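All chains, please: the whole structure from these sequences, using the hints.
Chains as they are written, first to last, in the numbering used here: chain A, 12 to 329; chain B, 33 to 557; chain C, 1247 to 1594.
No lab work stands behind these hints: they were computed from the structure. Accuracy of the hints is not assured; some may be wrong.
What the hints assert, rightly or not - Label-pair ranges, simulated between beta-carbon atoms:
1) Ala1314/C / Asn420/B: 54 to 64 Å
2) Lys1509/C / Arg222/B: 56 to 66 Å
3) Ser133/B / Gly292/A: 47 to 57 Å
4) Ala1314/C / Leu322/A: 31 to 41 Å
To be verified - Derived list of chain C stretches under chain A, where covered just means 3 residues or more per stretch with a C-beta under 8 Å from a C-beta of chain A:
5) 1375-1389
6) 1532-1539
These figures come from a predicted structure and were not determined experimentally. No residue lacks a Cβ here, since even glycine has one placed at the ideal position from N, Cα and C.
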Amino acid sequence: MTIPTSPLERSPTTSRRERLRDSYLLYSFLRDPIAQLSLLVFIVLVAAAVLAPWLAPMNPYDLAQIDILASELPPLWIDGSDPAYLMGTDAQGRDLLSTILYGARVSLIIGFGAVAMQAALGVCFGLLAGYLGGRVDAFLMRLADIQLSFSTLMVAIVVGALFKAIFGGATYSAYAVPLLVLIIGLAEWPQYARTVRASVLAEKGKEYVDAARVMGLSSRRIMFRHILPNTLSPIFVISTVQVANAIISEAALSFLGLGMPETQPSLGSLIKSGFDYIQSGSWWITLIPGLVLVVLVLVINLLGDWLRDVLNPRLYKG
Amino acid sequence: MTLNKTLLASVIGAAMTTAALSPAAAQAETTLRMAYDADPVSLDIHEQLSGGILQLSHMTFDPLVRWTRDLEFEPRLATDWEQVDPTTMRMTLREGVEFHSGNAFTAEDVVWTVERLKRSPDFKAIFEPIAEVTAVDAHTVEFTTAKPYPLLPNLATYIFPMDSAFYSGNDADGDPKDEIVKNGNSYASRHLSGTGPYEVTDRRQGVRIAFERNDAYWDESSPGNVDRIVMTPISENATRVAALLSGDVDFIAPVPPNDLARIRADEDAKLVTMSGTRIILFHMNQERVEAFQDPRVRQAFAYAINQQGIADRLMKGFATPAAQFSPQGYAGHVDSLAPRHDLEKAKQLMAEAGYEDGFEITMMAPNNRYVNDAKIAQAVAAMLARINVSVDLKTLPKAQYWGEYDDRAADMMMIGWHADTEDSANFHEYLTACPDADSGAGQYNAGNYCNPELDQLVAEANLEVDLAKRAEMLQQVEQALYDDAAFIPLHWQDLAWAATDNADIAPVLNVMNFPYLGDLVIAEE
Amino acid sequence: MIAFLIKRLFHALLVMFVISVIAFAIQDNLGDPIQQMVGQSVPESEREALREELGLNDPFAVQYLRFAANAVQFDFGYSYVFNEPTTEVILRHLPATLELVAASTLLIIALSIPIGVYSAIKPRAWLSRLFMGVSIIGISIPVFLTAIVLIQLFAIGVSWSPFPGDTGWGAWLNDLLTTDGGMPAYGRGNPVPVFGTWETNFASLEGLTYLVLPAISLASIMLPLFIRLIRAEMLEVLQSDYVKFARAKGLSPRRIYFLHALKNTMLPVITVGGVQIGTLVAYTILTETVFQWPGMGLMFLDAIERSDIPLIVTYLMIVGLIFVITNTLVDLIYGLVNPTVKLTGKPA
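Quick look at the structure:
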């Protein structure tokens, strides 16, 4: 976005506005140590998760490396630990550090995937509702209202339980990643749809849309090529917060046993499997992955907060 | 006691609680407050064959004979029994016994009860061998079997004579009182009259069930001194343990392995554990996987599993590593059989069989049926990875698992088995006999292991009335199954109970998990 | 007004119809309820007979119509596991959940209003910044993790801490970080019976101690949202003309903040808040699982596990009803407080 485009290709007004916003973004970022720290931590966590196969001392998916006799070893700084396992081991004898790195990977994949799914659904429905109005609008918004009044978590739990029942427990765990993306996407699209719809309604009356219509452009072209770009900044802000929400939703579903199987754990299912052992004193199996989850979600939320303050878009309130 | 702590108890308590719940009444009597994971589903002891129902049976009824801790028979309502001829056994019944209703207990009640058992969907299979029961006189009954049957005393532990007069006739709705209705509202599911040490005084399904000592209980030599029992179901493990440690209840079962250490560490609580009789094992399906037809591959699998490691680590010592079906004390138990964990030997056997590079299999296990079931399956999968066998493991809740089990949906499947007859032959009949849909043999044989010689041997053993000879035959079967590696035994799941210090629970507990609470002694404070 | 209520009623019926059809359609996949009712050695022929008797072999439409005909008379069938009407099972678990939600709501109201108002009045104060910082951390912690941490800290206790105990500051930090534990964390203890199946934890000190940790966990998910919401609305109101007028008139700041500004802040808070209190019911599933609180959420997960279909269907329908009722009430209150809102015109 820093590559300057030739003034002939773009109208000067857009270009100036964009350049102004870019520099303001950068300016406020350089002034905000919390945002800088958050971004740094986020990048480190994502890099660690992406590079897990190379960074992790052990492959937790390779059963041949697991030794039941090395189970429930505490982290390095506690008596009774084994120097081979920096953060200790879980109840199966898996190295906790490696399992967390792989688990964070799963959580991030589902988090981003689910947001892409929500955004796709929500943007389409929001554009349709806002632009077409009438019955389509009434139907979609009513659907969104009913879903939101049930709370997204409740919808995710019910849809998760339904999917698990329809596909059977075995198939469900085999395709857990795409299914969770779908479940969280289905549960949380209304947030996008309402925001996009509100922006569309605001943009719809503007002159450039009328102009496009007069020029005889198709509705689809107007929606996606003309209106959508102008609703991007609220979408961007929501997306940050939604990634954090999706990661938490995934963790909650996994904690209830409706998410990732323990053989291929996400951070949520790690916390769940460790919870059984908290009474017997093995707190690290549940609390260390818990801490990683909180830090990951926290930095994303902080970045989202900062973005909202900077971009200050019209978000649909309530 | 707990009522004293309440703020509004003086107000609400006076208005709401009944006299029986008030502290004054509780002090005059000895009360046992206990928590199980579930309360009995019904008061009809023939509605379901389950641990909960049998526990209720031992509290409110008496069996003809019962097991002692050493798995010997102890006379209860039958005082004596003798084999008249190979197919007939005569039992002498105790005199002067009364039911809760006041009716006298006679041989007719025994005949009536056995006939009802033969109508019960859950019990009829067990009582199949009994062809006829007749009352010789008021206190003598004769059991006739079609073929010689050595396990009649074992069956007699399931015969809890019911009050035939009490359960005869029609109830207010016009339905017969002796009707057995699953999941419904029959007379017998709401009313109870037995000979046992306790009468049911109050019952709210899923909330609590209260018992009062039977004043006219026949067994005057019983040391039991508990006047009232209040049983509350607490299905969540941690809550049940917390209730004991906080003093809300005096006796809990089962105790989850993860909490054993906490209870041991508590000064006011005590723990009783016992090696159980439920075997946990994996079947290797020979029909689905060709390699499993080679005994060397099955042996290699058996050598690859570290039973001791699972028992020590995952089960926290709460399991007895197993190498055969029969636990100690059973007729077929072979002392010399021990788990054979040896990774080198396992690899060598795999190489001999031509599977040095291993192969892929699927595995299924329940995740809420046995203690740590899913974790055990994961550990077994990891151990098999050491001999290059890659396992695709699925774990399912029990409600879905058994459907998959019936379909034999995976190459290796986990099952736990307790012999209803407390007899070794039962294991083979259900788990390793050649599957036959018509006779029901091998109903749970998910390995499809089939050795007609062993089936023959067990069939003969079931006709052998000489118990020593019979034991020898059953031990032969265990040894053959071991040598053949017909299945992979893991462990017998231990049993654990915990109680407050003043309740002397140890003498009344046994491996069948039927606490004889009629004999329980609570020390006066 | 009446048109609005009828419309809402129609929504409720629609939601319940959809839920019941879906739940019925998937029941075969939820597992075999017969498994739960009979012993393991019972032969297949007996199981089949029982299935026939319970009507589990009938075609889908027949089973559904039978269910619907009874449901109209508030008879949702018998729970397979509890062997009694599902409505009774739910009524028995309902008080536990309602008490938990009530306790959390009280906590949220008692904490969010003063904190929200304070951070709006003094946005630059360090305490306000602290509240805002803690609230974003609060949003980032999933409710079940809060619950687990509370259990570790206050029920189990923390005896380990990284600082050397032989130095003065180390011992001081150790004291600060270690906790004794001992708070009750599992179940409801001995709630005091009030009437019928309703037992309460509010009537005794002991009961309240059992309520503390679950209520804090459940409140933790909504508290930060409410603090931020109240702060934002209050900031907006404080900018408005009439507050400026009131200031100019020389009214005392206390009177302005708590009488005039707060009243206007509460209007949007009630709308958003009312809906959110309804969604607390969803979070009770998580909280009740961790604390083994014997309410409807725990019962629901249990029912899924044991494929107790009638109970699952009844739970979903009753929760649907609760959501519709709270939303309708919120809209009614909103309409009463702010007469400019026309109820019939607002999409539900």
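Taking the hints in turn, this is what the structure says about them:
no., hint, verdict
1, Ala1314/C / Asn420/B: 54 to 64 Å, "holds (56 Å)"
2, Lys1509/C / Arg222/B: 56 to 66 Å, "holds (58 Å)"
3, Ser133/B / Gly292/A: 47 to 57 Å, "holds (53 Å)"
4, Ala1314/C / Leu322/A: 31 to 41 Å, "violated (51 Å)"
5, 1375-1389, "holds (count 7)"
6, 1532-1539, "holds (count 3)"
In this structure, the one hint that does not hold is number 4.
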